[in-house]
Amino acid sequence: MQRRDLLKLLAASAGLQISPSIAAAIEYGLDTAPLKNGALDSLQLKNISVLAEMIIPTTDTPGAISAGVPQFIATIIESWYEKAEREIFEAGLTRIEEATRAAEACSFFQASPDLRNRLLALQEEEALAYKASQGATSAFSKEHDANSPFFAKLKELVIVGYYTSEIGCTVEQVYAPMSGSYEGNLDFSDFGRRIVSME
Amino acid sequence: MSTAPADFDAIVVGSGITGGWAAKELTERGLKVLMLDRGRMVEHGKDYPTEHQAPWEQPLRGKPIKDLYKNEYPVQSKNYLFNETTRHFFNNDAQHPYANPDAFTWFQSGVVGGRSLLWGRQVYRWSDLDFEANKSDGHGIDWPIRYEDIAPWYSKVERFIGVSGQAEGLPHLPDSEFLPPMAFNVVESHVKTVIADQFRDRIMTIGRAAVLTQPHQGRAACHYCGPCHRGCSAGAYFSTQSSTLPAARATGNLTLRSNAVVDSIDYDATSGRATGVNVIDSNTFVRRRYTAKLIFLCASTIGSTALLLNSRSEPFPNGLANRSGTLGHYLMDHTYRTGATGVFPQFTHKLDRGNRPNGIYIPRFQNIDKQDRDFLRGYNFQGAARKLPLLAQANATTGFGAEYKHSLRNGPWIMYLMGFGECLPNSNNRLELDHNKKDRYGIPQVRFHFEWSENEHKIRADIMREAEAMLVAAGAVGVNAFNNVGLAGEAIHEMGTARMGDDPTQSVLNRWNQSHDVPNLFVTDGACMTSSSSVNPSLTYMALTARAADYAAAQLASGTV
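Chains Y and W supply the protein sequences, listed in that same order. Position one of the first sequence corresponds to residue 1 (the working numbering), numbered consecutively onward. Position one of the second sequence corresponds to residue 1001 (the working numbering), numbered consecutively onward.
The shape of chain W in the complex, shown without the other chains (with noise of 0.2 Å):
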């Protein structure tokens, strides 16, 4: 081991959503920190060059641009956010490649600041029906905190982020600290209440969102403009350049590279510490090597995992704080695109104003109390109520001419309805490096394994049953059940591989996110993830990662790591 003086205290790896709260926290306890990114560097609101721009400036009014997205966006491509408005953001898989696209869906992100920038921003606190979910039922092993280990981290970053929604009082579904809640329009508002008539054992309530609807934090509430994915230089909704870049910078702290592709972490065995990073510039392919007393990953769940696993050494054969042999394993997403659609032409004389980018949220009824279901866990649903949009109306009605036109300028309302159900933790369902093929920068590709199981399909059941339940009882017409089971990693929610756990037998990471293996190496973005609730999980993995730095500060100031 070098006798050298690391480069920065701590280095974070990937600047997305756990990326920048990990520079944040860590910079605000006054280390210094080095935050690497393999993508370019996007700065708030002058990289977003596609914001508030109008239908009529599009190319090709928004059609694809074929070759293009076939040669170089296969896999984002079939994003539900790709177009010509975002593609700046993603990767491109051309020169980030993985090896078989054809057993799971990795959305990435090509820039600084990651998913944070395209993310859905709904936010829900998971509850001690999910933590203690694995243990109840043997699936999985036990996760190694409980919801009063994170309550005051949900608390802390919910403060700092900003989160619209309304207080329900649900003990599985615990209220976050909340701004004032976004509005439901005329059709939520009736099937509301029709739930809350008929189906006593649910509540439908406003999607709680990471969009602040009142000036928080030096940043400006939502101007219903709609598409935050192409970037709000009013910083309304949460993304690293909004929040966490700002405040890690304000420090003086923080040390941002851009473009710089990780491609392993050096293991010392004499001290039994990481000691720094090999960095491969994207645009040079000049390699370097940065050092440090902490490492922190944050590169995302698959990106984190199969680093690790490219970390070998002899202590590591099998890549680096991989003792228990479970990294890569474990993986996991939520079911999606199951659910149902129907028209209200009840309310053709209602209108709404404004993009709101939010929607609805009915919290998980089944199992709660007791088993009451043929399937184990259970099934948020999300949805919305919106005019039927114009192109689906238009294409739909017969005819041509003035009438023709005419009709088009009203229609009915439509709603959805799309479960998004919990995922067993399966050690089959994992992700390992395909040494036969490497990327551009000699890195091998990550291979996927993974199978729905029968538990996953049973819940798709009940989402189509209750969802076409639901919307009938509203009095909707033309209620469409769907069910099309895609790859897994298309909810965008996927997570485990690199899982707490208190057995270092059995788990890569402690209950500080810390491995277990090498002590002053922490990983706490998905990957971290013991089980996968049916909650949507960003909101945790922030929390866990302030939890995580505040703790892994405090080891290095009192020389434990």
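Next comes chain Y alone, as it looks inside the complex (with noise of 0.2 Å):
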């Protein structure tokens, strides 16, 4: 991607979230279909485990599973996420575990990190590809796009539950909830990290 757009999306997804006001102004209309319940199978959860952990691995701080995200994740596909969402998801999950069957003769969570590497930046091409058919560069698209496929959904999914956890806030990032001040002109080398505060 080129920095120029990488900019221009990032302007407008930051949009949703720069503020509360801002929010307001360009987020508009909650998802509001009925909850869907039903449980994962471990098959399921130990490869939904695996991609969380390869979205944010651990390394110089903990990643997804110290931090508790395969289990935010199965929260939500099991009693947030319409039935269309977790169909997409599951189809996603059923996609990788089926090549990995084929390929290596094993599940995907059992695979070699090569295998597992490949199959995903294919699942991320797609969600790529279909971004870009979204015209992604609109400030008004919404936060919550029930359609977006199976990587999509993953990666957001992961990055909500790793940078709101315990970890996520205070291990990976500088977590200040009550600064006491506002200081605004702090030199990023001095702490190496985000600073983070409750909202």
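It is possible that some hints are incorrect.
Distance condition first, Cα-Cα at most 27 Å in a straight line; then the derived DSSO-like pairs of lysine-lysine [claimed, not checked]:
(1) Lys1078(W) to Lys1438(W)
(2) Lys1070(W) to Lys83(Y)
(3) Lys46(Y) to Lys1063(W)
(4) Lys131(Y) to Lys1066(W)
(5) Lys131(Y) to Lys1063(W)
(6) Lys1078(W) to Lys131(Y)
(7) Lys1192(W) to Lys1350(W)
Simulated from the structure, these hints should not be mistaken for lab results.
Two independent chains are provided; combine them into the complex using the hints.
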């Protein structure tokens, strides 16, 4: 992606969350479909755990599994997603599971890192094509798109789950919920991390 | 008329920004006051259950509870603050509906303290540019007051509530009595300099906020946690709970009844006075009546006017205090959801710390000394710069894995500018009662009629053009102008419908917020507004309330009302 395009996209997406008032200004209408229940099976949960950790791995800070992201994803899929969203998500899990069985005769969570990366990258390509087709430069695109492809759903849940977790806030970032003052000209190099507050 | 003594000297209907002020001012003048609110009680501190709740403590990490919101909060859930950290302060739309949410968005609180708990806390004085606007261009009727009438009351209110801000000496946006201003961040400072250099007709200043930057009146300074709207047990922002309610209670003259739905006001034709209010307990549905010598309506713009419209009698078949026929008409709001965003990658090496509950402000710069635009009146900008929110950056960045994760540890800044434009008073923009649609208390529901005028659309076009020009001049990239024209009410600056004026045939209230028709009846919330200005209205509501309470108490003492 061109840097210019990235910035445009950033500006567009950022509008959704830059502030309460701008969020109100450009994000409208909550998804209001009924809840859908039903538990994921253990294979799905294992694959979700591996996928979450692939997106936000353990590095010099803990990754998605340590932060409880798989449990968060399961909760959303089991008790919050609409039926159609869940079907997209489960179909994505099935696709990568079947592709792994064909290639390495094992489950995705047991596959070689190389195969896992290739399969996930393929899913991302699909999601990027979908995003491009949606004209993602509009600042008025909805935050929650029920029709987005598997990878977009997965990544969104991993990101929300990780960066709202205690580890994501306090270890991966500098958590300053009550700093007592506002300082607007600090050097990033003194922190090496984002400074985050409670909202 | 009953010869029994009145239960109270004064009844104040509503406990929000103006109700709290009316209760404080009247009780401090020795009046026995009953303050009524249809919402449940919220005690300062103890009833702020989500204050300082960490992100990981929130159910579903902030995702909406879809069925509940759809069924019980279809209007309120559109509010920018509505989520599980604030839902307990909002109106339950299923229990308190209105007839046509597709015509007007009515954001309401459902608790004592009202929207004083949830407001944006931006406070600015109006000037004669505003008070003379109707007279100058002939839209609406002339205000019965000028800046000099209200200026001392602005001072009184500011000294009590505490207003942080920077004096700028602008005649058309008079300075308040300020506590120290909040700080700009590095990007805002840069943009301020660019505006000073390249846009000589305007300035940028820090937002003027009813948030304390130093201890004040027994309340603590802001600790910069950010989400004021969850409630602040430190009392660092002005709310009824933090400020006016404690003052009113301290007099020993206040009786507060929550869960008290006022359905009508009684009128006695012999004395020509309002005699009391009829109240329904929202838990038990038991009805009762309270009497008083003075009635203050502070039930919000829509709430107060709806109550008057529902108080019908032989002398007032079209609603109490409505001999003029203007009650319900001239509903206004500000233009909203128009502006621009831009990204500042050149400041990526900088960070901020602290969640500042305030932004920047660019005072109106159009049509000040002369008509220099193709529209009447004008607009101001409010906005802020901040680091690009992580979740937005994360979703917009391709890839996954260690490199992806570490790339999210820093990012560029983004700034938004959003215009608030003045709305012309128009008789067709109005509310009425739908007697075929009743709520669970049997009270007719409010029905709205509202259309934006060509003038407001022209204002929006100029807002986009100017916002984009300033961001581009400041070196922003990816500048994105937006204009999402929504329903009126969304700026939550709804006002008018019981306007002030000198002519009783053209207005509901006189220069003291006193009914022309019913001298012991006062309306001091947003309903009283004769024009909308582009300036945030809450400070003016407070000043008008304090002024009216002083006048009413003097009239009562002298036996005039």
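Problem set entry | Structure versus earlier hints, numbers of those that do not hold, lowest first | none
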